[in-house]
Amino acid sequence: MAIEWQLGTVSSTRDETATVRTFTLGLPAWAGHRPGQHVDLRLTADDGYSVERSYSIASEPERAREVDITVERIPGGEVSPFLHEVVVPGDRLEVRGPIGGYFVWEAALGGPLLLVAGGSGVVPLMAMARHRARAGMSIPTRLVFSSRTYDEVIYREELDRLAAARDGFEVVHTLTRGQPPGWTGFSRRIDEAMLADALEPLGAATRAYACGPTALVEVVANALVRLGLPPDRIRTERFGPTGT
Amino acid sequence: MTERFVTRGFVGRRDQGTSDDGIAPDDRRRRTPPGQYLTSDFPVLSAGPTPRTPLDRWSLRIEGLVDRPVEWSWEQLLALPARDWVVDISCVTKWTHLDMRWKGVSVDTLLEGVELDPRAAFAIAWSDGGYTTNLPLGDVLNNQAFVAYEYDGRPLAPEHGGPARLVVPARYFWKSAKWIRGLRLQDRDEPGFWESLGYNNRGDQWLEERYSGD
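Protein chains in written order, with this note's numbering: chain X, 219 to 462; chain G, 337 to 550.
Warning: the hint list may mix true and false statements.
To be verified - Derived Cβ-Cβ restraints for the label pairs, each shown as a range:
{"#": "1", "chain 1": "X", "residue 1": "222", "chain 2": "G", "residue 2": "365", "range": "24 to 30 Å"}
{"#": "2", "chain 1": "G", "residue 1": "365", "chain 2": "X", "residue 2": "283", "range": "34 to 40 Å"}
{"#": "3", "chain 1": "G", "residue 1": "523", "chain 2": "X", "residue 2": "451", "range": "31 to 37 Å"}
{"#": "4", "chain 1": "X", "residue 1": "219", "chain 2": "G", "residue 2": "472", "range": "21 to 27 Å"}
{"#": "5", "chain 1": "G", "residue 1": "367", "chain 2": "X", "residue 2": "294", "range": "38 to 44 Å"}
{"#": "6", "chain 1": "X", "residue 1": "264", "chain 2": "G", "residue 2": "494", "range": "34 to 40 Å"}
{"#": "7", "chain 1": "G", "residue 1": "365", "chain 2": "X", "residue 2": "352", "range": "31 to 37 Å"}
{"#": "8", "chain 1": "G", "residue 1": "397", "chain 2": "X", "residue 2": "449", "range": "16 to 22 Å"}
None of these hints come from the bench; they were simulated from the model. Since the model is a prediction, treat every value here as computed from it, not as a measurement. The C-beta atom is built at its ideal place from N, Cα and C for all residues, glycine as well.
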C-alpha cells in the first residue's frame with residue numbers, strides 16, 4: 219500500500235531557539251506513527267516546480283491526528299528558510315508518512331534506554347522521550363545532548379521538566395562552544411568517557427539511539443561498540459557531510 | 337490528490353545546488369531526479385555502527401546459484417581489472433550528487449569468475465554488520481553495478497562503506513550496499529534490510545520509487 223500525500227494544516231508554531239522552530243501540523247487522515255519516524259514534506263510553486271525534504275517527527279504518537287516537526291533554519295537552504303520566514307498558522311503543506319522503521323523506539327521494546335543527540339538530532343529522540351513520559355513508563359533513560367551554547371539547547375525547558383519528574387529520565391548536557399557562568403554540565407564534545415559514565419548505571423542490556431551530525435554519530439557508535447554494546451542494539455541516524 | 341496543490345508563497349531557489357562543478361544549468365536540471373536536490377557533499381546514512389573488518393580477514397564472495405562459490409581476498413580484488421566510474425548518485429533522503437568519481441571492479445567482471453545457473457534471477461548483496469539489499473540480476477549486469485574501493489582518488493572511507501561497497505547508480509543509494517562482503521544469487525527475490533522496513537523493493541529514482549507501494 220502506498221504512503222499517500224495528504225494535506226496538513228499548520229495549527230501553531232513555536233520558537234525553540236533563535237534558529238529552530240516547531241510546526242504543529244494538523245493531519246485529519248494521519249494513521250499514527252512510531253517515535254523516531256519521519257515525514258516527507260513537498261513544496262510546490264505555482265508553475266509546478268517542487269521540492270521535497272524529510273523531517274523527523276518530534277511529537278509522541280499519543281497525540282492523535284497531528285504531528286510536530288522541529289526545523290532548524292539552514293542559512294542558504296531552499297526549504298528551511300521558507301518554512302521559517304513564510305509559513306504561518308493556517309497554511310497548508312503536503313505531507314506523507316510516517317517513514318522509516320528501524321530508528322524507532324516504543325515503550326513495548328523496553329529499556330534501559332540511552333539517547334545521544336547532537337543539535338537538532340534531538341528531534342526524533344524527543345518523540346521517544348515524550349512517548350516514554352506519556353506512556354507512564356519508568357524505563358531508566360538517559361539523554362546525552364550536545365549543543366553549542368546554552369541558548370541553542372533545543373527543548374531545554376521541557377527536558378528540565380521531564381527530568382524533574384524523577385521517573386528515571388535524566389539529561390546530561392554538554393555545551394561545546396560556550397558555557398554560561400556557573401555551568402556545571404560538560405563543556406566538551408561527546409566522547410567515550412562521557413558515554414561510559416552515562417551507560418554505566420544503565421547496564422549491558424541498554425538500547426542506544428544516536429542522532430546528529432555524521433562526525434558525532436560516528437564517534438558515539440564506535441565508542442558504544444567499544445564499551446560493549448552489541449552493534450544491533452545501537453541505532454543511528456545521521457545528517458550532514460562528513461567534514462572531509 | 338488529483339489536482340496539483342500549490343504551496344502558498346513558495347517560489348523555490350531553483351539553482352539546484354552550488355554551481356562550481358562546471359555542469360551547465362540545463363544539464364543539472366535534466367540530471368536531477370524528481371524530488372531530489374543537488375549537493376556537492378557526500379552525506380552519510382547508516383542504520384548502525386560502522387563495521388571494521390581487518391583487510392587480512394576481508395574477502396568478497398559470490399555464492400548461491402553458481403557452479404561453485406568464488407571468493408577473493410583483498411589483494412585478489414585489487415588485482416582484478418578495475419576502471420574509473422563517474423556516475424550520478426541519488427539517495428532516498430533526497431540528495432543527488434552529480435559526477436561522483438569512483439574506482440572499482442564491475443560486477444560483470446566478478447561474475448566472469450563463476451558460471452551462473454540459468455535460474456539465477458536476483459542478486460542479494462550482503463555486508464559486514466548484517467546489512468542486505470536485493471537487486472534483480474538485470475539491474476546489476478552490463479556495467480550497471482560495480483564494487484568500489486576508491487572514491488575521489490582515495491581509499492573509500494569506512495563511514496562511506498570502505499573498504500569496499502557496491503555502487504548501483506541507477507537505483508537509490510541504499511541499494512549500493514556499504515561494507516559489501518558478498519553477492520548471493522537466487523531464483524527468488526528476497527527483500528533486504530530497508531526493503532523490509534517500508535522502502536521500495538526496486539528503488540528507481542527516476543520513477544521516485546522511494547517507499548513501499550510507490
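Outcome of the hint check:
| no. | hint | verdict |
| --- | --- | --- |
| 1 | 222/X to 365/G: 24 to 30 Å | holds (27 Å) |
| 2 | 365/G to 283/X: 34 to 40 Å | holds (38 Å) |
| 3 | 523/G to 451/X: 31 to 37 Å | holds (34 Å) |
| 4 | 219/X to 472/G: 21 to 27 Å | holds (22 Å) |
| 5 | 367/G to 294/X: 38 to 44 Å | violated (22 Å) |
| 6 | 264/X to 494/G: 34 to 40 Å | violated (46 Å) |
| 7 | 365/G to 352/X: 31 to 37 Å | violated (45 Å) |
| 8 | 397/G to 449/X: 16 to 22 Å | holds (21 Å) |
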